[in-house]
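Student: Chains as they are written, first to last, in our numbering: chain A, 1 to 260; chain B, 1001 to 1263.
A hint or two may mislead.
To be verified - Result set (DSBU-like, lysine-lysine): computed pairs, CA atoms no more than 30 angstroms apart in a straight line: (1) A:Lys164 - B:Lys1130; (2) B:Lys1086 - B:Lys1130; (3) B:Lys1031 - A:Lys56; (4) B:Lys1039 - B:Lys1130; (5) A:Lys164 - A:Lys56; (6) B:Lys1019 - A:Lys56; (7) A:Lys56 - B:Lys1130; (8) A:Lys179 - A:Lys164; (9) B:Lys1130 - B:Lys1031; (10) A:Lys53 - B:Lys1065; (11) B:Lys1086 - A:Lys56; (12) B:Lys1039 - A:Lys56; (13) B:Lys1086 - B:Lys1065.
No lab work stands behind these hints: they were computed from the structure.
So you can see what is in the structure, the chains are spelled out below.
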Amino acid sequence: MYHFDWITFWNYIWPPSAFQNPLIRNGLIATILVSIIAQALGVILGLIAALGKMSKLAAFRWLSEIYVWYFRGTPLLVQMSLLFFGLGVTHIYNFPDIVVGAITITGAIQAGTLALGINEGAYMAEIVRAGIESIDPGQMEAAKSLGMTSGLAMQRIVLPQAAKVIIPPLGNEFNNMMKTTSLMEVISAGELFFGFNQINARVFKPFELYIAASLYYLVLTTIWSFVQARIESGLGERKGLERGPGMMQRLFGSSGEGAH
Amino acid sequence: MVTPNVKLADSNIIVKAEKVNKHFGSLHVLKDINIEVLKNEVVVIIGPSGSGKSTFLRCINHLEKINSGHIYVNGHMIGYHDRNGKLVEDNERNIARQRAEIGMVFQRFNLFPHLTAIENIIEAPTRVRKTPADQARADGERLLARVGLVDKRDQYPNQLSGGQQQRVAIARALAMKPSLMLFDEPTSALDPEMIGEVLDVMKELAHEMTMIVVSHEMGFARAAADRIVFVDEGQIIEQASPDDFFTKPRSERTQLFLSQILH
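Same shape as in the complex, but just chain A:
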């Protein structure tokens, strides 16, 4: 019978003691910041790729198609390794550590964030495109009939409406993103999971430590669920959007949320 080491377990999840350990404290901060930055990058790239897919210019369409095809068609873990180890060994680009005051942003963190963001952009492209396509074409026609160019009409009329369709799946993407940052462990980027692995290498308590690690992610995604519910109900209130799923449904799930 395995003897569960409660002391180690509590030591690494009880914030006052756990946060003494820089591997956990900095790892947690890195996980949160990387998630936000990678998601933001994903939204920007997704928007560009979605507009590219609908472009009149064949070159933009092809570029966008290839981007989405490649990054959705290959594993993120492989993409990340290629970007960090692959580029590094060729000397095409070596991610240098960046020092900002007391903070060092390691090359691995930069490469990992970039890989997560680029990968996310390919998924966001489909979400953004579906959002744009859900808007009645009459909106674009009305805007054009008033003398707007399609770019202005997209920016002022179509995208603000599409945003309401995009935000709920975007929230789910961010939830996934926070968990997916753990893949950065393979390139030794100092996020939360890497921190727990480092500790495990010293104390070898994988059962206790990985349960503890999972609880950190659970807290992050749960907090996010509440934030997301708040954002979505705020959206729906004024502009007549359908109500989002309830809190229970959000936490315990009902429909298949695509994992990648």
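Got chain A sorted already, so can you dock chain B onto it with the hints?
Tutor: Positioned in the frame of chain A, the structure of chain B alone reads:
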């Protein structure tokens, strides 16, 4: 080829269509359409559904491309320019500039649902014409007053009835100070009790604007039109004043159509 601007010496002509043809795949929807619309004239286009009347209206502001022929508005060819006798589509900026001069009202209103009534109206003046916001707002409120909706200024479209939405849509089109207004079946999507309020606004406008209206409202056509154009199967069959049109239609197809709708 004569340059388009010299061609229309008569500045009284607002719209001129010459041998306009339009195909949707193998379907020939507009067949050699020729028509001139004069300044301040109100032309009502009627005809069976699928006759091409809405398509023609949408060609006038280049929401639909044409396959051959020319359409001029205020002496400028719409959507294309001539290059050695061949029609070449204009760039987007030019087309947008031309559309700014042509107001359009749609069957399904197409108000912008994320903007209030007044925001719907001032969006294009401020973004396209670069009118200062306070001036655009003052103009917009005047227009809202004109369509009887000044108290609905800050309502979103989904808080307005269909008739109110269409009146806001008319004000939105007028805010660009167009020289021509196109109405594409503006009352077809309305509940019967709301048709009157929209037609009243249009009748008011008819005194002072050049309008082309595609409509099934024969009462409106009789009361407000200077000329009625009957279109069937992509061709103009007959044009006449409302009196002549309704009392002594010349062609058999017109007679048949009128007998079907006026029982």
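Student: State for each hint whether it applies.
Tutor: So, going through the hints one by one against the coordinates:
Between A:Lys164 and B:Lys1130 the CA atoms are separated by roughly 28 angstroms; this keeps the pair inside 30 angstroms, and the hint holds. For the hint linking B:Lys1086 to B:Lys1130, the alpha-carbon distance of about 35 angstroms lies beyond 30 angstroms, and the restraint is violated. In summary, the hint linking B:Lys1031 to A:Lys56 is supported, as the alpha carbons are separated by about 29 angstroms, within the 30 angstroms threshold. Distance restraint check for B:Lys1039 and B:Lys1130: the Cα-Cα separation of roughly 27 angstroms lies within the 30 angstroms cut-off, and the hinted pair is therefore satisfied.
Proximity of A:Lys164 to A:Lys56 is assessed by CA-CA distance (about 25 angstroms); at most 30 angstroms being required, the pair is judged to hold. Straight-line distance between C-alpha atoms of B:Lys1019 and A:Lys56 comes to about 29 angstroms, which keeps the hinted pair within the 30 angstroms bound. Under the criterion of a C-alpha separation no larger than 30 angstroms, the hint pairing A:Lys56 with B:Lys1130 is consistent with the structure, at around 27 angstroms. Distance check on the hinted pair: A:Lys179 and A:Lys164 sit about 24 angstroms apart at the alpha-carbon level, within 30 angstroms; holds.
This hinted pair does not check out: B:Lys1130 and B:Lys1031 have alpha carbons roughly 39 angstroms apart, beyond 30 angstroms. Under the criterion of a C-alpha separation no larger than 30 angstroms, the hint pairing A:Lys53 with B:Lys1065 is consistent with the structure, at around 23 angstroms. Annotation: proposed proximity of B:Lys1086 to A:Lys56 holds, straight-line Cα distance about 22 angstroms (limit 30 angstroms). For the proposed pair B:Lys1039 and A:Lys56, the alpha carbon gap of about 37 angstroms is over 30 angstroms, so the pair is violated.
A hinted pair counts as satisfied when its Cα atoms are at most 30 angstroms apart, and B:Lys1086 with B:Lys1065 qualifies at roughly 14 angstroms.
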